[in-house]
Each structure stands twice: as structure tokens, then as C-alpha cells.
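Top to bottom, those sequences are chains A and B. Going by my numbering, the residue at position 70 of the first sequence is 73; the numbering climbs one at a time, nothing skipped. Going by my numbering, the residue at position 71 of the second sequence is 1047; the numbering climbs one at a time, nothing skipped.
Think of the hints as simulated: they come from the structure by calculation, not from any bench. The reader is advised that the hints may include incorrect statements.
[As the list claims (entries may be wrong)] Here are the computed lysine-lysine pairs in the DSS-like style, where the Cα-Cα straight-line distance is at most 25 angstroms:
(1) A/Lys233 - A/Lys208
(2) B/Lys1306 - B/Lys1043
(3) B/Lys1015 - B/Lys1319
(4) B/Lys1319 - A/Lys378
(5) B/Lys1388 - B/Lys1005
(6) B/Lys1369 - B/Lys1319
(7) B/Lys1388 - B/Lys1369
(8) B/Lys1365 - A/Lys378
(9) B/Lys1369 - B/Lys1010
(10) A/Lys167 - A/Lys233
(11) B/Lys1306 - A/Lys167
(12) A/Lys378 - B/Lys1369
(13) A/Lys167 - B/Lys1369
(14) B/Lys1043 - B/Lys1010
(15) A/Lys193 - A/Lys234
Chain by chain, the residues:
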Amino acid sequence: MTLHFELTGANAAAGVASSATASPRSGRLVLDRSLNCEASAPASTLAPAAIALETPTFLKYTRHGLQPHLVREVAAELSDMPACTRVQLEDFLEDDGSACGQHDAGLHNFVFLDRSEVLLLDTLDPTVTRRVGKSTNSFLAIDSEGGTKRLTPEVFAQLVDRLKPDIIIPPADYIEEPLPSLTQGKRISKSVTRSAKWLDESIAKSVYPSAVFAAVMGSHSPELRDISAKKLLARNDVAGYVFNDVSLALPFESKLQLAQHSLAQLDASKPRYMVGASAPDAALRAILGGIDLVDSSYPYAVTEQGFASTYVFGGEGAAGGIADASAAGAAAGAGRLDLWQESMFNDFGPLVEGCSCFTCRSHHRAYIHHLLMTKEMLSTVLLQIHNMHWYKGFFADIRSSLARATLAEDAQRFLERYGSSSEAFGELETLATQENSPTTKIQRKRHAEPL
Amino acid sequence: MTTSDEFDNLTTPLETSTSPALKFDVLAKCSTTKARASKMHLPHYTAHTPMFMPVGTMGSIKGITTKQLEDLDCHVILGNTYHLGSRPGPELLEAAGGLHEFMSWNRGLLTDSGGFQMVSLLRLANITEEGVEFENPHDGKKMMLTPEMSIGLQNAIGADIMMQLDDVVSSLTTGDRVEEAMWRSVRWLDRSIKANKRPTEQNLFPIVQGGLDARLRTLSAHELIKRDSPGYAIGGLSGGEAKDSFWRMVSLSTDILPDNKPRYCMGVGYAEDLVVCSALGVDMYDCVFPTRTARFGNALVRTGSLALKQGRFKNDLGPIDPDCSCPTCKNYTRAYLHTTVTKDTTGCHLITIHNIAYQMRLMRDIRQAIVDDRFPEFIREFMSIRFGKTVPKWIISALQSVNVDLTTVDEKTGYSATPISDDFQKVPNM
């Protein structure tokens, strides 16, 4: 099995080496599971078993392997979604280190994910930003309802062999400590060494040839980030890079700068996934800065507030992914519609006029408002469909804009349009401290007090 | 999953009735028990009976889209007038064009009167001749639900079938109160009929009352028949009474109620109860049980239910039910479901889908067995799987009353059962 990443469009012509690592690029990520992969096959020819993903794009965020609120038949209402799904191991990890029972037909099969999907196995849920578990040299500590679970590289490797994911992000020593204490002492340095060790061991102890996306460590220290990056650059078994600083208590802009600092030291021909850059403004900034992949945790956060996404990207009257949304209907402001508002009570229009998603075709605002008020679970099902459809359109628009070489201007216009609202795109932050889902008593994952 | 086709070759009804908004055709009768299989032509849909109606309380069924409900072969679902009357309220429902339009459901809808919810949920529910007096939970004000108001709400909701407001007493109540309630319910029925503004679009079903008193039930049923309603319900049961009394009241009612009209036993949903009551001549059922128990991670199977949260399912790589063709059973293992039930809404949805499919399949199997005139055989098969060697006595008695004797050894299968005194047996005794 191979994972191949190639730059396309203007970047390809310019050549990899000359493209600044901190600028947006179009790309294609190709996964080929066929045993005998013709190394000499031209890049444009896809072997039948190959899956191609046009980047920049997003991995579908899941909980227990399913998109939040959407069983497969309902998720099937969403068309043209990128064929890549991320699953976090912590959803399945048991106290004894087992996961997914003794199922041995692979993770795709266990969560009933079609083989035409690229499956990425990460360890931690990206929407959880604060944890209290203390890791050691031997294991990553993961908070859970039943206490703290421990994940060693060896256990991770065994699970990889049994679950057979296409891409893995081996456990890294993500730090859960307040910023002030990080500037003193050796915690960051320890996390760089530890993560490198865990990466070594995870790869060495597993047999299944998953592609490895390695976490770039170093927290807020440029020097230590350099050390982490150098170690990764020296490896020949890393297929992509992951930036996961969700727990670092710094503004997103600072985190992006830190990521870009690292990117300058890394192989620009490899794909980059940034965790925590899911919100539209963050995703745009990240993509402008050279990131290829984010995940769809943002639409989930929007759903959990009882909101429907309305943000529009693109030139005036832009078509693209949201060809159907009227520019007039998508007002500026916070980029979302609050379905809890009293004014929704007797509003028989769709969530967004002209939206072609299943929810907007089948139901109106008054009904969804009613479902929220009566705490019916169908509310979040219907909102999630719309919000995922909308997010997909947003990324299609970004790719079109990139292809037309107008991304910088279009992004600026978008950020200005929504930048004046302090509430715009803050749903993930709200989600991090939210206790319950709006319609059920299902407790949100445990979280520690904000640092 | 397709709509039932068990009636493909049956076109001539054995019994029939035509009401302004309902046509009922009994197309097959069991030659042993009182069971029958029928088509009920409603304004929005033609339902097949015996039929189970999942409860969609406030205008949705626990996270399932109307498209999924159609795929699951639901014919009629229930809405609660009390809840819908509060939220979103009658004016909005009328503005929306009725509940069908509001929730985008094209098949059958049935609404209860709101009375039962009120009595069970609210403080100071005081019953007078005028109606049910209660304290508004939002502002503490004294309010009243009269038969006229209930019908008004139900007319706004626009369901195919409406239920009369009845004076409901607990099935454990005894004495004069029971008779008082029975007669009052008759008077409230007449007021309800008068108040129905849409008699050609919406059916109004009376409800047989009388507690566990055979005399009162008989009186009640005879009174209700005089009103020549499109169908009849049997109420005031499923409230914790002894099952032996329960089945006798049901059977007494179906003996009196006309053959050519549907009979609806309210609040019945356990599989064995559905089988027995169908043998006693009941056509329609509703219950929150299948969807409610799904939320706790319990999946319905022919042997009872599986509590998928339990550790023993951690490594169980089979589906909930290998004979079930619902999307959950076709694609997910018990081990997978174990990881997610009660943790994610999708876990809840997956079990809810299965439980609804289970109920629909049970009713299809019952209908098919009646059509094939092998219902007694089906009953024995069902009971042998569900209970094994020992069966609750009430079930044995109820079935004996309709000529099915589980205590005698079946020639073909060798199955027989001995009675136990408990009303409920959780797992089969093999």
C-alpha cells in the first residue's frame, strides 16, 4: 500500500522546491491499496484500487467511526464528500488496552466504512482541548469516563496491525499544562524526545504498512520545534505531517506561525494536516499558510449550538460549491443562523434559501426550531446534514479560488466580511466547555477546567 | 425494505365498513383464534393491520427521519396532543397546514387526546364534568382541557385518527369512581363527536373504559357502538394491572365491538402482548417501549431484549439479530454497538432503527401468518422462542380462550409449555 502526494496546478509547474512552504497549494493525495503498485506508472493514471483526494480538503470528523448524529443511510444524503474519514482511537480504547473487541476484519469493517474511503487513525478527539491525565515516558494518558487510560506505543502498534487503517498518527506527547509553567522547566523538551521515541516504537512494532503522519512537536518554543522538525526530516518512513497544538493556550494566529516556522524545516512535498484549524477562518488562514488538510469538527460544533451555517466564500455572485445559495440570502454577521431564536417559531423557509441539502429540501426553520425546543434528537441530525453540506461547499469554493489564483483576495474578503462579528466561527471554543448536547442527556466528553 | 404485500392475492373483504374518513376491509380471518388481517384505508395512507404504531411524541421519532420511517415500513405513527398543543401549539400547526406538513410525513398519523399525559404528568389534575383541570407547568395557572378543546387541538394537528378525551382512571382503582368515569367518558364522547369540525378528513375513535369490571366494560362497549364510530379503542389498561385481568378485558371488548371495524388497544407494545392481543382480535397498537428502551441501549430480539451496554457483548461479532434485515443488523456488530450505545446519538439511532424494524417485522409476520391461516403455528413458534418451556399463565389462559393450547404437546414440533404464575418472564427458559 502506498500513499502518494503530488502538487497540482500552478504549484506543480513552479516545482516543489521553489514554492514557498508557507503558501497555499493545490494537491492530490492518492492512496493505493493494491499489492503490486507500479512505481513507474504515470502520476495521472490511477490504478483501479486507488483513491484520489483533491486538496486542500477535510477529513470527516467522526465519533465511534460515524459522523456525529448521522447513521450511514442518513450520511448518504450528503453527496460529493471527500473520501477520507478520521477516527480517534480513544473512542474505542478499553481499560485493558484492547479496542474493538476481537474483531479482526479491520477498522473499516468494524465501523462499516466503505473501502473507497481513506481511513486515518488518530489517538485523540480534536474537539477536546483540555485533559488532566499525566503521561509518562511509557504511555500517553487519555482521560475517559471510567478513569485514565494508558496507551503505549506497543499497544498502539498491535492495534494498528489488527485495525489496518490506511493512515496513522502515532501517539505523541501532547502537553496539557498552562502556558506559564511551560516556559520554565523541561516539559517541552521532554515531549519532543518522548514523541520521537514513541514514533520510532510505533513504527518498529507494527507490521501493517499504514502511511504515517507524524506530529510536529515543540509547543511554543521555536528552538524545540526545530529539533522536532529535524528529527522528522531525517526519517524516510513519514508520509505526512500533523500539527496538533489544540491544547496550547495561544491565539490561533500564533499557533499557525509556529506551524509555519516548522514547515520551513520540513519536506514541502509531503501533505500537512492541521488539527484545530477546522473553523472557516482558521482553515482559510491555515490553507493560505500551506496546510493541505483539516477536519470537519467545526460543522459538528455549529450543530451542537443549534446553529445552521450560512457563511459564504468566493467572489461576488460566486458559484462553486454553494452554487445554489443566493448572495443576498447569506448575510454577513456571524456566518450562522441561530435556530433557537423566537423568530424561527413560525418561519417556514428553509435554513438557507437555495441550499440543496436534504434538510433544506425537506424541512423548514419552524420545524427545526420546534425540534430544538422539544429536545428532539432529529434537530441535530437535520442541522448536521446542512452544516456538513455547507462545509463541503466551502472547500469546493476554496479549491476553485485556488485554481483561479484568487485565493488571497477571496480569503481577505471573507475574513473582512465575518471579521467584524466577535461571534463568528467561535463554536468550537463554546463546544470545548459545553456540558450536554442540546437534545440529549448524553454527556459531552470529560473536560478539565480551562487553564 | 418494502411495504407489505401480504394481501397481494386477497381482494374480497370478509367484513367491511365504510365511514366518512375510513374504510376497513377484513381480508383474512384466522380459523382458530379471533385474529384477522385487514386493510385500513385512511385519508393519508392505507395501513395493514394488525399494526404497531411507534410513538413520535412531539413530531419526530427519536432522531429518525421520515424517510427512514418509510424505509422501515411504518404505516401510522402517533403524536401526543398534550405536547404538541403546548409546543408548537395549534395556531402554528394550522399555519403549517397540519402536522403531516409540519414534519413532512406522508403516511398515517394518530393523535391521543392529551388526557392521559395530563393525568400522568401534571400536578393537581382534577377531573370535573367539564373536563380535566390542571396546573399549567410553566406559570402555575389553573387550566382546563375539555373534550371540545382536545378535539380542537386535534383538528389543528390534522391526524387521520383522533382519540376522544376520556375520563381515565388507573386500572388499579376500584369502586364507584370507575363507573363514574365510564359514564362520563361516554358523555365526553358525544361532546367530542359534536366538536369534530373535520369529520370527513379525520376519524374520531371512542375508548372503551370500565376498569377491570366486566359489567362496566360491557356497558361501555355497548354504549360506544351506538355511536357508529369508524373504529374503537380499548383503554384504561396497560397500567400495571394483573395481566390475567388485562387479557380478559381485552377479549370481552373485542367480543362486543363490531367485526367490521378496527379495534385499537392502547399502550401495548411488548412482543408477546402483541401476539396474544392479535389472537384476541385486536388490530392496532401503540407503545413508547421499543423506542424508549432503545435509548438505554436495549435491542429487541425474539428471546426478549439484549442490553448491549453489558460487557458480554464486547467481543460479540454477530449482528443484533441474524434474521433481521434492518440497516443496523446488516452492517453493524453487537461489539460495535456496545462501544457506542448511550455514548453517541448515532448509537441510539442504530438501536432505535432496529427496534422499530423488529416491531414492524413482527407485525408483518403476524399478518402473513393470519393470511396463510397458520397463526396458531406462528404463536407456538413465537412462544417457544420467547419463553421456552415455561410461559406466564396469563398467556396460556388467554390463548386457550381462543383455542390455542400451549400446554398440549404440538405434534409437529414437540413443543409444549407449563404455566408460571409471574406475569413477565425476562428470558426464555430452555
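| field | Violated constraints from the hint list, given by number and in increasing order | value | 3, 6, 8, 10, 12, 13, 14
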